[in-house]
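Between the sequences and the hints, there should be enough to build the whole structure, so can you do that?
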Amino acid sequence: MAVQLDARPPVAPAPRHTRPTRGVRLSRFDTKYSPYLYIAPFFLLFGVFGAYPLAYTFWVSLHDWDLLGAEHPFIGLDNYSQLLADPDFWHSVVNTLGIFVISTVPQLLAALWLANLLNRQLRARTTWRMAVLVPNVTSTAAVAIVFAVLFGREFGMINWLLDHVGISAIDWKANRFAAWVAISTMVDWRWTGYNALIFLAAMQAIPRDLYESASIDGAGRARQFWSITVPLLKPTIVFAVIISTIGGLQLFTEPRMFNSGTNAIRGGPLRESQTVTMYMFENAFAPHYNFGYGSAIAWLLFALIAVVAAINVLLLRRLGGGARKEVSR
Amino acid sequence: MTRLWSASRLTYLALILSAALSIFPIYWMFVVASRTSDAMGQVPPPLTPGGNLGANIARLFDNTDAYFLTGLINSTIVAVTVTVSVVFFSTLAGFAFAKLRFGGRNALLLAIVATMMVPTQLGVIPLYLLMTKLNWNDRLPAVIVPALVTGFGVFMMRQYAGQAVSTELIEAARMDGCNTARIYWNVVLPALRPAAAVLGLLTFMTTWNDFLWPYAVLNDPENPTVQLSLRALSDGYYQDMSQVFTGTAIATLPLLLVFVVFGRQIIGGIMEGAVKA
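Same order as they appear, the protein sequences are chains A and B.
Following this note's numbering, the numbering of the first sequence begins with 1 at its first residue and continues without gaps.
Following this note's numbering, the numbering of the second sequence begins with 330 at its first residue and continues without gaps.
Keep in mind that the hints were calculated from the coordinates and are not lab data.
Wrong hints could be hidden among the right ones.
[As the list claims (entries may be wrong)] Computed beta-carbon distance windows for the label pairs:
hint: 1; chain 1: A; residue 1: L162; chain 2: B; residue 2: R338; range: 28 to 36 angstroms
hint: 2; chain 1: B; residue 1: Y356; chain 2: A; residue 2: V307; range: 21 to 29 angstroms
hint: 3; chain 1: B; residue 1: T535; chain 2: A; residue 2: R208; range: 44 to 52 angstroms
hint: 4; chain 1: A; residue 1: L77; chain 2: B; residue 2: V589; range: 22 to 30 angstroms
[As the list claims (entries may be wrong)] Covered, in the sense of this in silico footprint (three residues per stretch, anywhere, with C-beta under 8 angstroms from a C-beta of chain B), are these stretches of chain A:
hint: 5; region: 34-42
hint: 6; region: 290-301
[To be verified] Okay, the calculated bits of chain B under chain A, using three or more residues with CB under 8 angstroms as the criterion:
hint: 7; region: 367-381
hint: 8; region: 571-581
From the three backbone atoms N, C-alpha and C, an ideal C-beta is built for every residue, glycine too.
This is the structure we're talking about:
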């Protein structure tokens, strides 16, 4: 803008009466409406293949919806009440929660520890990071097959190692708790390094002079870890817990591939390791093809995830001060 | 100060142990894949590769229960198509959300973030019914089309575009007479390239690895993805473990190759995403 040096009022430009040319009109149309064109593909595709199925699941869950039946009579909440009285459903809920707890807790603790190691001045930094992340970039189905063999009763390497410390062979697939441990091991193996990198990223954002002054005050490494690192990491820990909750309660590929044979979807002869998602599959697809019942399971799973995530957040809130740092970003 | 952050021998020892635990199952997969099935029963278990890989591969590709070659081809088609599409649509929408003004922008972005919270399982059954109506069951479009866009991709690109593309540059391009499409193609897309590469890698790996939805919708054993071939292999009655492990190794190999070549970018992407989230 030019600076006006004299005191006279600025000369108003002559009003233009020329009509906008075709090019100008086109460009006005372009700036006004083209943004919608750019986001439209997402909303169109997601609408058809994401949002619509979501709502439709609920609609299906209110029906007696058999794949082979010609009619799908409306039965209201019958699927839900039947499900709440279904011992196999609750069995799968307990399995899912059990596997979730014994995998998530050690996993996040190990990830914190690993991140703390990776946060030192290391030679070959990238190599270490890649080494701990490599489980995360493997094929889940493939690795579950490998772990199923490692946890074999007769020739499994885990039992062979346990034998050396005097523990007799464990039948990992036939014992419910043992099956939980085996599947949790797969989950931990896959996700510990990933979570460690997330924690590492947050650790590197902590100003180092905090540690310096703590060190001058005589705080040792362990004290600094628990009094500086962990509290400042809380937003990231909350994030990791929620992601683990969503993922952990949906667990499917690992337990499905851990069991093999014709009835693998049951998670073993006595449903030792059947998760809720597996139970949904068993009912919605082969062998039962009961879409109404399966949809009801899907919605209850969603509710379960929401409840567990909320409990986790409340518990974490209690652990200390508010999660302000993240909000400000 | 420096002493506090230096790595002791104990640090390296712990890291070596963690790395060994991370790598061992994968390494062992390749060991068994290169041996005869006797390896499974040996005490102590063999820990070095054998010379039987070629024979195992030949047996695997001849196995008429697994359709392994079809699985590999199908997975390649699916993963490449989905990756190209997700990157294209995510950069497009991400650019619009970060740099263009339009009514309802914030509400629409919020809707996209909300889609990231919903578990995939919730949509599996109606999606299956939809595919039956479209007559896509047992065919690749059933796996490809629902994956063509992701809320995660749009959100990631929006975050990155906000800082990587300067508004002045866009204004300058507009002055020079570029329309919005040209600006996207000539100004924004080049600036987004690093983040788009990371998104592409992550999308490729997720898609290649996907099991649940293909398992639901591709029921024709002759037309599997590679992960479904693995399921057919491991559910078989025979226990030809060296063949099964050859299959798992080949199915994992593309992921490992991508990781070896682009590991640095993938790690950067994960760590950056974590801080921004």
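Hint check results:
{"no.": "1", "hint": "A:L162 - B:R338: 28 to 36 angstroms", "verdict": "holds (29 angstroms)"}
{"no.": "2", "hint": "B:Y356 - A:V307: 21 to 29 angstroms", "verdict": "violated (40 angstroms)"}
{"no.": "3", "hint": "B:T535 - A:R208: 44 to 52 angstroms", "verdict": "violated (35 angstroms)"}
{"no.": "4", "hint": "A:L77 - B:V589: 22 to 30 angstroms", "verdict": "violated (53 angstroms)"}
{"no.": "5", "hint": "34-42", "verdict": "holds (count 7)"}
{"no.": "6", "hint": "290-301", "verdict": "holds (count 6)"}
{"no.": "7", "hint": "367-381", "verdict": "holds (count 5)"}
{"no.": "8", "hint": "571-581", "verdict": "holds (count 7)"}
Comparing the model with each numbered hint stated earlier shows that hints 2, 3, 4 do not hold.
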